[in-house]
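**Q** Please construct the entire structure, taking both the sequences and the accompanying hints into account.
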Amino acid sequence: MQTGLGNRPEGRDRRPIDPPIILQLQILDFNPNSKEHLNDLKYTYWVVHCYLFNNEHPASDVSIMDFGDSGHGGSGIRKLLIGCATVNGLFAPEDPDPETAVPHPSSRVSSMTSDIPGGESFCKQPGTFFIFSDLSVRSPGTYRLKFMLMRIDGNLTNPGAKVPVEAEAMSNPFTVDNAKRFDKVQESTNLVRGLAKLLGAPSTLKIKKGPAARERAKRRREGEEEEESDEEEGRD
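For the sequence shown, the UniProt record's numbering assigns the number 1 to the initial residue and increments by one for each residue that follows.
These aren't lab readings, by the way, just hints derived from the structure by calculation.
Watch out, some of these pointers could steer you wrong.
Said to hold, decoys possible - Pair ranges (Cβ atoms, derived):
{"no.": "1", "residue 1": "Lys-79", "residue 2": "Asn-55", "range": "14 to 24 Å"}
{"no.": "2", "residue 1": "Ala-59", "residue 2": "Lys-209", "range": "33 to 43 Å"}
{"no.": "3", "residue 1": "Leu-28", "residue 2": "Arg-78", "range": "39 to 49 Å"}
{"no.": "4", "residue 1": "Asn-178", "residue 2": "Pro-105", "range": "31 to 41 Å"}
Stated by the list, open to error - Below, computed lysine-lysine pairings styled on PhoX-like, alpha-carbon distance capped at 25 Å:
{"no.": "5", "residue 1": "Lys-42", "residue 2": "Lys-146"}
{"no.": "6", "residue 1": "Lys-208", "residue 2": "Lys-197"}
{"no.": "7", "residue 1": "Lys-79", "residue 2": "Lys-146"}
{"no.": "8", "residue 1": "Lys-35", "residue 2": "Lys-124"}
{"no.": "9", "residue 1": "Lys-124", "residue 2": "Lys-197"}
Even for Gly, the Cβ is constructed at its ideal location relative to N, Cα and C.
**A** Right, here's the structure in full:
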């Protein structure tokens, strides 16, 4: 994971996280034929909130930093994590990328083959995904992202109500580079492409070709131009 420099309304120093963060809801001993499990996946108010942590100080939330007086009569509070940090789940009736699908956890001792991602059994396995498509970080450094899963129901919509955290997860460390060190965006994965197709247009997920795909397209164009040149010489 890396980030590059971009110009957005939040400021000139916005560095989008690439590729976009995608989480999948996992259910212990999931059974695709279980009505209860399917209802859990389809539940509308699954929510995941994301926080930014400094890798060197993993207990310190740096999503919003207070740098004191800005020196211009204003506040020194600054958002380091920019974008939509809270997202709802998206239910997919079939896995968008069965080749890399991760099995749900099991409380039973499984064989080695059952732990291998992908395969025919995952082609029509439903899933719920949380898509953070526009997260950016303002300052270079090494960070981690912390995710908290919450289930909101009617009893938790009253003012002052607290939403219990169902599960937490921490990302691996990732580096935020300056623009000069950024080595361009990566080609969109099959999971991103599958979810973008599921979302339809307009989608918050943008398909990116990446440098390798652009190079392949360039070689194809050059090959077509050479063929056209050979045909013209043959006619002459």
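**Q** Could you tell me which of the hints above the structure violates, numbers in ascending order?
**A** Of the numbered hints given earlier, the structure breaks none, since each of them holds.
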